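Participant: For the protein sequence lines, the chains are A and B, in the order given. So the first sequence is residues 1 to 112, counted in our numbering. So the second sequence is residues 1 to 114, counted in our numbering.
Don't read these hints as lab results, they were simulated from the structure. In this text, all values refer to a predicted model and were calculated from it rather than measured experimentally. Certain hints may be false.
[Said to hold, decoys possible] Calculated pairs, DSBU-like style, for lysine-lysine (alpha carbon to alpha carbon, straight line, at most 35 Å):
1. B:LYS22 to A:LYS68
2. A:LYS68 to B:LYS41
3. B:LYS18 to A:LYS58
4. A:LYS57 to B:LYS36
5. A:LYS71 to B:LYS36
6. B:LYS18 to A:LYS57
7. A:LYS57 to B:LYS41
8. A:LYS71 to B:LYS19
9. A:LYS68 to A:LYS58
10. A:LYS58 to B:LYS40
11. B:LYS19 to A:LYS68
12. A:LYS58 to B:LYS19
13. B:LYS36 to A:LYS15
14. A:LYS71 to B:LYS40
15. A:LYS57 to B:LYS19
16. B:LYS52 to B:LYS40
17. A:LYS57 to A:LYS42
18. B:LYS41 to A:LYS15
19. B:LYS40 to A:LYS15
20. B:LYS41 to A:LYS42
21. A:LYS68 to A:LYS15
22. B:LYS36 to B:LYS19
23. A:LYS71 to B:LYS41
24. A:LYS58 to B:LYS41
25. B:LYS18 to A:LYS71
26. B:LYS18 to A:LYS15
27. B:LYS52 to A:LYS15
28. B:LYS18 to A:LYS68
Spelled out, the chains give:
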Amino acid sequence: QQQVKQSPQSLIVQKGGISIINCAYENTAFDYFPWYQQFPGKGPALLIAIRPDVSEKKEGRFTISFNKSAKQFSLHIMDSQPGDSATYFCAASSGSARQLTFGSGTQLTVLP
Amino acid sequence: ETGVTQTPRHLVMGMTNKKSLKCEQHLGHNAMYWYKQSAKKPLELMFVYNFKEQTENNSVPSRFSPECPNSSHLFLHLHTLQPEDSALYLCASSTRTWDTGELFFGEGSRLTVL
Numbered sequence: 001q002q003q004v005k006q007s008p009q010s011l012i013v014q015k016g017g018i019s020i021i022n023c024a025y026e027n028t029a030f031d032y033f034p035w036y037q038q039f040p041g042k043g044p045a046l047l048i049a050i051r052p053d054v055s056e057k058k059e060g061r062f063t064i065s066f067n068k069s070a071k072q073f074s075l076h077i078m079d080s081q082p083g084d085s086a087t088y089f090c091a092a093s094s095g096s097a098r099q100l101t102f103g104s105g106t107q108l109t110v111l112p
Numbered sequence: 001e002t003g004v005t006q007t008p009r010h011l012v013m014g015m016t017n018k019k020s021l022k023c024e025q026h027l028g029h030n031a032m033y034w035y036k037q038s039a040k041k042p043l044e045l046m047f048v049y050n051f052k053e054q055t056e057n058n059s060v061p062s063r064f065s066p067e068c069p070n071s072s073h074l075f076l077h078l079h080t081l082q083p084e085d086s087a088l089y090l091c092a093s094s095t096r097t098w099d100t101g102e103l104f105f106g107e108g109s110r111l112t113v114l
């Protein structure tokens, strides 16, 4: 019930391409869905987040698409750059930071 | 110093050693967390402190012992660890545990248990 399933585990994209990472959840009480970005040797950092009252949120080249009925959300990275190469974690919570449940991560490699 | 700072960055210890990980946050937050990060697994929440009080212990073995002397400092005391405890240990902070807000992570302490 508390799991967040993330796919794919790894992703290789050419520079300029679109990177898409998907997450699915079961707990309908989740109401906050952030994505964290982690570079090698660094801790995760918040990239973008969405709440279920909207179906899409865009910040620059990064977009979250949210499908409440399917209990799925995804991260789209447009015009992917080598500097975007990192591990991306989706997460979900129901009301508080201490209840964040993380996905298992996607290692993105953007080839130059 | 800014953000969340963790020391040491790397630690190698034998199964009979006692060591401690330290975390310090300069963000004025009141909540601090310990997470365990293993390869290809979700981040595992270990302990949560809110205003210096432990609010959560996610069934963590007693060989891990947290300490939070004030809202800015968090320690993880380690003793008689097992090789499977080798992982990256991340400290994080947030304004308060009940806020649905951003977690600010440190760079982690890479622990290897021989």
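Participant: Hints first: check each against the structure and report whether it holds.
Facilitator: The hints, checked one at a time:
1. This hinted pair does not check out: B:LYS22 and A:LYS68 have alpha carbons roughly 40 Å apart, beyond 35 Å.
2. Of the pairs offered as hints, the one joining A:LYS68 and B:LYS41 holds, with about 25 Å between alpha carbons and a cut-off of 35 Å not exceeded.
3. Restraint check for B:LYS18 and A:LYS58: not satisfied, since their Cα atoms lie roughly 47 Å apart, outside the 35 Å limit.
4. The suggested pairing of A:LYS57 with B:LYS36 holds, with an alpha-carbon distance near 30 Å, which does not exceed 35 Å.
5. With a C-alpha separation of about 27 Å, the suggested pair A:LYS71 and B:LYS36 falls inside the 35 Å cut-off, and the hint holds.
6. This hinted pair does not check out: B:LYS18 and A:LYS57 have alpha carbons roughly 47 Å apart, beyond 35 Å.
7. About 27 Å separates the Cα atoms of A:LYS57 and B:LYS41, which keeps this hinted pair within 35 Å; it holds.
8. Restraint check: the Cα-Cα separation between A:LYS71 and B:LYS19 comes to about 43 Å, which exceeds 35 Å; the hinted pair is violated.
9. Annotation: proposed proximity of A:LYS68 to A:LYS58 holds, straight-line Cα distance about 17 Å (limit 35 Å).
10. Proposed proximity of A:LYS58 and B:LYS40 is supported: the alpha carbons are some 27 Å apart, at most 35 Å.
11. With a CA separation close to 45 Å, the supplied pair B:LYS19 and A:LYS68 exceeds the 35 Å bound.
12. For the given pair, A:LYS58 sits about 44 Å from B:LYS19 by alpha-carbon distance, which is inconsistent with the 35 Å threshold.
13. Proposed proximity of B:LYS36 and A:LYS15 is supported: the alpha carbons are some 32 Å apart, at most 35 Å.
14. Our distance criterion of 35 Å between C-alpha atoms is met by A:LYS71 and B:LYS40, whose separation comes to about 22 Å.
15. This hinted pair does not check out: A:LYS57 and B:LYS19 have alpha carbons roughly 44 Å apart, beyond 35 Å.
16. Restraint check: the Cα-Cα separation between B:LYS52 and B:LYS40 comes to about 31 Å, which is no more than 35 Å; the hinted pair holds.
17. Annotation: proposed proximity of A:LYS57 to A:LYS42 holds, straight-line Cα distance about 26 Å (limit 35 Å).
18. Taken as a hint, the B:LYS41 and A:LYS15 pair is honoured in the structure, with Cα atoms around 27 Å apart against an allowance of 35 Å.
19. Note on B:LYS40 and A:LYS15: the hinted pairing holds, with a Cα-Cα distance of about 25 Å set against a maximum of 35 Å.
20. Our distance criterion of 35 Å between C-alpha atoms is met by B:LYS41 and A:LYS42, whose separation comes to about 17 Å.
21. Under the criterion of a C-alpha separation no larger than 35 Å, the hint pairing A:LYS68 with A:LYS15 is consistent with the structure, at around 31 Å.
22. This hinted pair checks out: B:LYS36 and B:LYS19 have alpha carbons roughly 16 Å apart, not beyond 35 Å.
23. Among the hinted pairs, A:LYS71 with B:LYS41 is consistent with the structure: their alpha-carbon atoms are about 21 Å apart, no more than 35 Å.
24. With a C-alpha separation of about 27 Å, the suggested pairing of A:LYS58 with B:LYS41 holds against the 35 Å cut-off.
25. For the suggested pair B:LYS18 and A:LYS71, the alpha carbons sit about 44 Å apart, so the restraint of at most 35 Å is broken.
26. Straight-line distance between C-alpha atoms of B:LYS18 and A:LYS15 comes to about 47 Å, which puts the hinted pair past the 35 Å bound.
27. For the hint pairing B:LYS52 with A:LYS15, the CA-to-CA distance comes to about 46 Å; that exceeds 35 Å, so the pair is violated.
28. For a cut-off of 35 Å, the pair hint linking B:LYS18 to A:LYS68 is broken: about 47 Å separates their Cα positions.
The structure fails hints 1, 3, 6, 8, 11, 12, 15, 25, 26, 27, 28 (numbered hints given earlier, in ascending order).
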